[in-house]
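If you want the building blocks of each chain, they are given just below.
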Amino acid sequence: MSHQPSEKKSTFSRRNFVKKGALGGAAVGLSPLGIPLVNAVEKAPKGKLKVGVVGLGGRGGGAVNDIMNIDSGTVLWAAGDISKDRFKKIEGISKKFSGRVDTDGGKREFVGFDAYQKVIDSGADIIILTTTPAFRPVQFEAAVAAGKHVFIEKPYALDIPGLHSIVETAKKAQSAGQSVLTGLVWRYTPHLMEMDKRLQDGAIGDILNVSSSYCGGGRPNQMPDPKFKPAEMSDMEWALRFWQNFLELSGDGVLEYHIHGIDRMAWWMGDQLPVRCYANGANIAPVKGANNWDSCNFSYEYADGRTSSFFGRQIRGTYSASGDNIVGTKGRAVAQGNSAFIEVDGKKIWEGKSNLGYQQEHEIFMKHIREGKVFNDVIGQSANSHAIALMGRNAAYSGQLITGEQIMASKDVLLKDIKNLTYETPFKARESAVPGKTKFL
Amino acid sequence: MIRFVRKFQTSPIFPFIIALLCAGTVAQAETAPDIKPALAKDGFDEEEMRLAKAIHKRILDYQGIKKKTNNGKEEELIAFQDPLASGAHIDMLPVKGGEFTWCGEEKDDILKVSLSPFWMSKHEITWEAYEPFMLSPIPRQKDGQPLDFMRAQIKNDIEFIARPTPPYHPMTFGMKRDGHPALSMTQHAANKYCQWLSFQTGHFYRLPTEAEWEFACRAGSDTNSSWGADAQKAGEYAWFGGDASTHYNVPGKKKPNSLGLHDMHGNVLEWTLDQYVPNRRKYFAKDKVHNPWVKATKPYPHVTKGGHWQQSLKEISAATRHQSTPVWKVADPQRPRSLWYHTTTPWLGLRIVRPAKIPTVEEMYHYWNSGVEADE
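These protein sequence lines map, in sequence, to chains A and B. Every number in the working numbering is 255 more than the matching position in the first sequence, counting from 1. Every number in the working numbering is 149 more than the matching position in the second sequence, counting from 1.
Quick caveat, the hints were computed from the structure, so don't treat them as lab data. Every value quoted in this text rests on a predicted model; they were computed, and no experiment measured them. Just to be clear, a hint being listed does not mean it is correct.
To be verified - These stretches of chain B come out as covered by chain A in the derived footprint (C-beta under 8 angstroms, 3 or more residues):
{"no.": "1", "segment": "282 to 295"}
{"no.": "2", "segment": "307 to 318"}
To be verified - Below, in silico cross-link-like pairs of lysine to aspartate or glutamate (DMTMM-like), each with a Cα-Cα straight-line distance of 25 angstroms or less:
{"no.": "3", "chain 1": "A", "residue 1": "Lys343", "chain 2": "B", "residue 2": "Glu196"}
{"no.": "4", "chain 1": "A", "residue 1": "Lys350", "chain 2": "B", "residue 2": "Asp292"}
{"no.": "5", "chain 1": "B", "residue 1": "Lys291", "chain 2": "A", "residue 2": "Asp340"}
{"no.": "6", "chain 1": "A", "residue 1": "Lys351", "chain 2": "B", "residue 2": "Asp524"}
{"no.": "7", "chain 1": "A", "residue 1": "Lys339", "chain 2": "B", "residue 2": "Asp524"}
{"no.": "8", "chain 1": "B", "residue 1": "Lys304", "chain 2": "A", "residue 2": "Glu487"}
{"no.": "9", "chain 1": "A", "residue 1": "Lys683", "chain 2": "B", "residue 2": "Asp297"}
{"no.": "10", "chain 1": "B", "residue 1": "Lys291", "chain 2": "A", "residue 2": "Glu492"}
{"no.": "11", "chain 1": "B", "residue 1": "Lys291", "chain 2": "A", "residue 2": "Asp490"}
{"no.": "12", "chain 1": "A", "residue 1": "Lys543", "chain 2": "B", "residue 2": "Asp297"}
{"no.": "13", "chain 1": "A", "residue 1": "Lys343", "chain 2": "B", "residue 2": "Asp292"}
{"no.": "14", "chain 1": "A", "residue 1": "Lys350", "chain 2": "B", "residue 2": "Asp524"}
{"no.": "15", "chain 1": "A", "residue 1": "Lys339", "chain 2": "B", "residue 2": "Asp292"}
{"no.": "16", "chain 1": "A", "residue 1": "Lys343", "chain 2": "B", "residue 2": "Glu197"}
{"no.": "17", "chain 1": "A", "residue 1": "Lys343", "chain 2": "B", "residue 2": "Asp194"}
{"no.": "18", "chain 1": "B", "residue 1": "Lys291", "chain 2": "A", "residue 2": "Asp480"}
{"no.": "19", "chain 1": "A", "residue 1": "Lys484", "chain 2": "B", "residue 2": "Asp306"}
{"no.": "20", "chain 1": "B", "residue 1": "Lys304", "chain 2": "A", "residue 2": "Asp480"}
{"no.": "21", "chain 1": "A", "residue 1": "Lys426", "chain 2": "A", "residue 2": "Glu660"}
{"no.": "22", "chain 1": "B", "residue 1": "Lys447", "chain 2": "A", "residue 2": "Glu346"}
{"no.": "23", "chain 1": "A", "residue 1": "Lys608", "chain 2": "B", "residue 2": "Asp392"}
{"no.": "24", "chain 1": "A", "residue 1": "Lys350", "chain 2": "B", "residue 2": "Glu522"}
{"no.": "25", "chain 1": "A", "residue 1": "Lys343", "chain 2": "B", "residue 2": "Glu522"}
{"no.": "26", "chain 1": "A", "residue 1": "Lys543", "chain 2": "B", "residue 2": "Glu308"}
{"no.": "27", "chain 1": "A", "residue 1": "Lys482", "chain 2": "B", "residue 2": "Asp306"}
{"no.": "28", "chain 1": "A", "residue 1": "Lys343", "chain 2": "B", "residue 2": "Asp524"}
{"no.": "29", "chain 1": "B", "residue 1": "Lys291", "chain 2": "A", "residue 2": "Glu346"}
Claimed, not checked - Residues on chain B that point at chain A, a partial pick, calculated with CB under 8 angstroms:
{"no.": "30", "residue": "Phe298"}
{"no.": "31", "residue": "Gln302"}
{"no.": "32", "residue": "Ala480"}
{"no.": "33", "residue": "Arg484"}
{"no.": "34", "residue": "Pro485"}
For each residue, glycine too, the CB sits at the ideal point set by N, CA and C.
Pulled out of the complex, with its shape left as it was, chain B reads as follows:
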């Protein structure tokens, strides 16, 4: 941690981090996200609810311990590094809440958005951080649950979190692995990864909402790219290049945006929590929304952001919305298709967020269980 902070001091964004430090502690009185009441229409799955409660308690307990050892002070919204049991770690950077104007694809789709503060991972999640989740130590049924006859012998709740079955084909698609972003997980797999991370770290993690992602990517800019309108500069900040480019890259090799976040544009496409709706203004039927999230009602399409290494500059802009599609599983020879892998996407990854305010058990449940994970 100390090493990390020191490294940070030499970074051009250090003054900005200092400014955040001075901004004081995380505000406690936040309104809940715009979760529609219809969400729980089929009720909560009993076992998933039990797990959500157990993890919620771990997170609150950990927060309590930290507060105690910190002389009663709340945790500050500053950069930190979260170590994982596997030895990997994830660097998290603060994103102060704020407002921005959200412009959609249709002319009248303009919304004022306000967001609560959160941390976002500095990099796309790498194989080192993802694979210990992807490769379960015990066998899994297709839905990711342990085998029925093994349940009674499992002591640790973390094993009851649904996890991927082993992949059939190399998920690196013949490209390098070490230090590179994890690839080709479904949104469901990404959600479950966040749940698994939350259990083991004691911090609540989830995918960013579409609005959080764009807000963090823009970092105050209102141009196509966070570095401004100058297309000449793109190569300094992003991996992209259309069909001519041959592979993905180790995150963090290009310049970050002003929040310190690397590779928001290009490299790998990043999952968000939101279902794709053509016009968000119409969907919310308001001019101003707080912590918006379009909860999914069907498996496709979801919104993915930032474009990837095989796309053009235009396709990796802050505003561009890429829609997930069942075609991404076209190479899966099994039926039903896997809940865990998109077998034709050597450019799809994820980045995570940790909201400053710990959500309720019910909210956690919804963030981690889309309920529409099966294709057919």
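With the rest of the complex left out, here is chain A:
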């Protein structure tokens, strides 16, 4: 810990710090804000719930499938996407959930950049937002303003102004009694939830340090050499097709991909915003035309002097694994892929294994909606994980030490006027960051 640029002495106290949230101050747990409304009984919807999906990519189809699997009273009511081809997927959904797709013979299937508003206005009760993440704050605001429950896939904010917008909207949803679920799925993975309970109960004493990793092969959204770009295709269309390669549309692998590991790290550390971060990273094996980095190392320090670190990589053909090492005063806990264990005095005292909680997260979400309760995992939970990810990215890109206050005051907007974005909007990717030169804004 000697390399950590700390000015303070280590002053961590009891485990109760684990229970405090950083942004909203809410309790952490299975249902961060699962407070029943006064009029819960009248609010609880009994019959059919109409689902509208915006963004029919793999995750859009997946979230629709999960929600319809969990709650037999749901129907797919409306869908929107910028690409017409994607609507073929609805046939498959219709086949699997017979009689539960009712888009009015396709009349509620909307194509275009304004499709999200049409889906929201279609009369759906629950909106699934699974487009390219750059659009999330604008679409989330519109969905909540219209009184909908919303599932927002991660990442939902690619810069701090975007994150502030999401938190504002989430608060509005909270006070209006609308539920919000984030697609940070590890939180709802059974064996990790079980491990969390045990850690909260003091299985390894106080948690001193967490190191997490998230390493995969190359970006799933593989981009060809830009020389293949057809002359008639606009720069924006190209960028949207291969969005995982561009900072402006994906927030870097840090937000798009590594955030899963960062979210787990934040979870074990008690969902607080670190006070300081220094970091490194690079485009070690660059993809031609991409400005996103493929590797990062983040070091965080918390107010009580505890530290955590994150290692992320996304390079084809490299060793890939994802996990956490949690060190406590009495033992340690290790999560690796689909399994985890707790060890005290060199002995395993608990072991767990399960698949990622894609179904479970929708189960919790739908249960709240059906019971007239409000679910909201943004405030104090996923918003904090997004802030920590943004803190790491900015510290790495600039090469500077970034404090908690500094990051929350960042004014950098990656893509302006997203509301009016179309294929005709000019797009020029920023230069890939160079630590020491790239300014923190």
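With the hints as your guide, set chain B onto chain A.
Frame of chain A; chain B shown alone:
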């Protein structure tokens, strides 16, 4: 190649290989497999047929060249090593054709099976041999085709063979990679891998049929395991061990069967071409079949063989049939689910065969295109 043969001479199965050498060249008059005429009921996909023809021609041309340089002699059914463009190689061992009694799970499911000769890979296919296929150098649509706007600029037909999209999660499941068997490909991915291999090597490759797999595994034995009935010996031949075992292993570290094939029992479960039918005798409605293959009419279940490192001795026997299931994709968060990965199977791999007789274009088409690859 020479090094390989030398290494072979010290192996206990060398006399057996010599016997095969003496058996002479591959018989030319073979009957076609029992492919049902219903197979092409929807007709052939034009582009897939074009590719099958192009690869068929490459294979025949290569056979012609080899014959010429070999003074007009046909290729012998002997061990060889096939080098891949990536630098990896695959060792192939001969399996002389023959007959065996095939006993199924139901009492009356007994068939006499005769098989034509083929080569089978000595080991399960490793990451080194599989990954160059899995990680396409150009982007792919979900069905594995190049992006539409790139098609006109692609010159080499090998790029038109459907290939996996990049995996989202580590397909080694936190275990080691180097030298270990490739994991978690779908049967469709395995079929396309064989097609891709065939294009680049000039040898026709495919998955083994269920009967070929069991015949090669048994290697003349009629016990549960190729080493005989002695359960004490199992550890010398196979990686297995139930829930207590923690990982898969580098192939070839345990003793081979009498044909020289390693890890037929245990380590990773191996794909076959066949759809699972409960009673094969009833399905074929004959007592005796030649080169049987139950062509798939639905995505699940297919037959996988040999069991894996996480199973018990009973489950890795020569006769045990494991059925593929959609549950193997339960961790896939996308819809439709990937055509390429089983995201919950850190114990599923493949082994390939090369029939001695080069099939027709139509047969190749059917071996490489199951037509039922989509889950939903």
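- Message: Checking one constraint from the list: CA of Lys343 of chain A to CA of Asp292 of chain B, max 25 angstroms. Satisfied?
- Response: holds, 14 angstroms
- Query: According to a criterion of three or more residues whose C-beta lies within less than 8 angstroms of a C-beta of chain A, is the segment 282 to 295 of chain B covered?
  - Reply: Answer holds; 6 residues pass the 8 angstroms Cβ test.
- Query: Lys339 of chain A and Asp524 of chain B: Cα distance at most 25 angstroms?
  - Reply: holds, 22 angstroms
- Is the hinted pair Lys350 of chain A and Glu522 of chain B satisfied, with a Cα-Cα distance of at most 25 angstroms? The hint holds at about 17 angstroms.
- Message: Check whether the Cα positions of Lys343 of chain A and Asp524 of chain B lie no farther apart than 25 angstroms.
- Response: holds, 15 angstroms
- Has the given pair, Lys304 of chain B with Glu487 of chain A, been kept, meaning a C-alpha gap of at most 25 angstroms? Holds, because 22 angstroms separates the two Cα atoms, which is no more than 25 angstroms.
- Assess, step by step, whether the Cα of Lys291 of chain B is no farther than 25 angstroms from the Cα of Glu492 of chain A, and give holds or violated. holds, 19 angstroms
- Does Lys339 of chain A pair with Asp292 of chain B here, judged by a C-alpha cut-off of 25 angstroms? holds, 17 angstroms
- Are Lys543 of chain A and Glu308 of chain B close enough, with their CA atoms no more than 25 angstroms apart? Distance of about 20 angstroms is within 25 angstroms: holds.
- Restraint check for Lys304 of chain B with Asp480 of chain A, where alpha carbons must lie at most 25 angstroms apart: Judged against 25 angstroms, a Cα distance of about 16 angstroms means the pair holds.
- Item | Holds or violated: Lys343 of chain A to Glu197 of chain B, with C-alpha atoms at most 25 angstroms apart | Judged against 25 angstroms, a Cα distance of about 22 angstroms means the pair holds.
- Task: Sort out whether Glu346 of chain A lies within 25 angstroms of Lys447 of chain B, counting only the CA atoms.
- Result: Cα-Cα ~18 angstroms, so holds.
Of the numbered hints listed earlier, not one is contradicted by the structure.
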